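With chain B's structure known, arrange chain P on it following the hints.
Number of protein chains: 2
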Amino acid sequence: MIDDLIRANRSCRRFHQEAAISRETLTGLVNLARLSASAANLQPLKYYLASSPQENGEIFSCLAWAGYLKDWPGPVEGERPSAYIIILLDREIAKEAGCDHGIAAQSILLGAREQGLAGCLIGSIKRERLRQLLQLPDRYEFLLVLALGKPQEEVVIEEVGPDGSIKYWRDAQGVHHVPKRRLQDLIIG
Amino acid sequence: MIDDLIRANRSCRRFHQEAAISRETLTGLVNLARLSASAANLQPLKYYLASSPQENGEIFSCLAWAGYLKDWPGPVEGERPSAYIIILLDREIAKEAGCDHGIAAQSILLGAREQGLAGCLIGSIKRERLRQLLQLPDRYEFLLVLALGKPQEEVVIEEVGPDGSIKYWRDAQGVHHVPKRRLQDLIIG
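Going down the list, the protein sequences come from chains B and P. With my numbering applied, the first sequence corresponds to residues 84 to 272, in that order. With my numbering applied, the second sequence corresponds to residues 84 to 272, in that order.
Isolated chain B, as found in the complex (with noise of 0.2 angstroms):
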């Protein structure tokens, strides 16, 4: 079962971008990463969320997108996420958040493939930028931002090739392929 879920929660860049996510759903997935585990139980962990055109306009402004793809910018428009949710770390709390956003991460994406969704871990965000826009204090610190939506992609997984290379690519179908290492290969003696 959870077997099942993780292969199908696979990150996803085009979306049905008509198809609004409630702010509901975003609070829902939140809860799942809430009641995740967190270093030391410290909970340095906040989250911004955005699902109106507007804001998802000026998120989407600070993302870079698939670096892999040097002839893709990233999704249109009409293909863009409808909704985001923005992973912070509260600096009164922690000044490190360790792995806990990797946790939580993966709690929201499999909740999200659950309901249907998919998403996107984007690490490449030009913070200041964001910072500005969203008007948040230094106190937070932009660690991730997860672009949702309902997918319009087919993603595949396939093993490494015996050139080793892990970058992803598309087909001319538009099917998104992703080598994946062997799993004899990740274990150590």
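Check each hint, because a few of them may be wrong.
Chain copies aren't distinguished; within one or between two, either way the pair holds.
What the hints assert, rightly or not - Straight line, CA to CA, 30 angstroms or less: simulated DSBU-like cross-link-like pairs of lysine-lysine: (1) K178 - K153; (2) K178 - K250; (3) K178 - K233; (4) K178 - K263; (5) K250 - K153; (6) K178 - K209.
FYI, nobody ran anything at the bench for these hints, they're computed from the structure. Given the structure is predicted, the values throughout are model-derived calculations rather than measurements.
What follows is chain P alone, placed relative to chain B:
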């Protein structure tokens, strides 16, 4: 469904040590991490698996448990983990793990929980001692130790009290209480 699994997936520090975990089970859990997201799809994580009493003892000797429980040095013999998955960064692939180990750890723990196991993420590690005991080269950086076993502990989530303390505590019946911040306090704006 994922909500139930995330709620049930509490950090656990006392186990039925005699309940062995097979290498096949551990490998299956690593596969869940393998299928999860990785920044720029680099997949720089490697995994060291341990389930023999000797190796378990060596790893146990390098860990610090439950920082807030000052009078409790960790689980006694008979209640210790029956297996470990050590998450390593392969520095030949990437210089930093980002939050990949958080994503991986959450996938592993949710998979373990689904099988009736439980675990604890431990970052307080005597790293050099562990490196020597396991004879791991400098290429691998210790990120997290995941302790795993059949749970022998009741853990409850509750809302942070008026004093705002997030320190977990154990009551006279041995129940482990974990204060979580309120959902509305995690959402900005």
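Verification of the hints:
1. K178 - K153: between (35 angstroms within a copy, 23 angstroms between copies)
2. K178 - K250: between (33 angstroms within a copy, 18 angstroms between copies)
3. K178 - K233: Neither, since 35 angstroms and 34 angstroms both go past 30 angstroms.
4. K178 - K263: Only across copies: K178 and K263 sit 19 angstroms apart there, 33 angstroms inside one copy, limit 30 angstroms.
5. K250 - K153: within (11 angstroms within a copy, 47 angstroms between copies)
6. K178 - K209: both (21 angstroms within a copy, 22 angstroms between copies)
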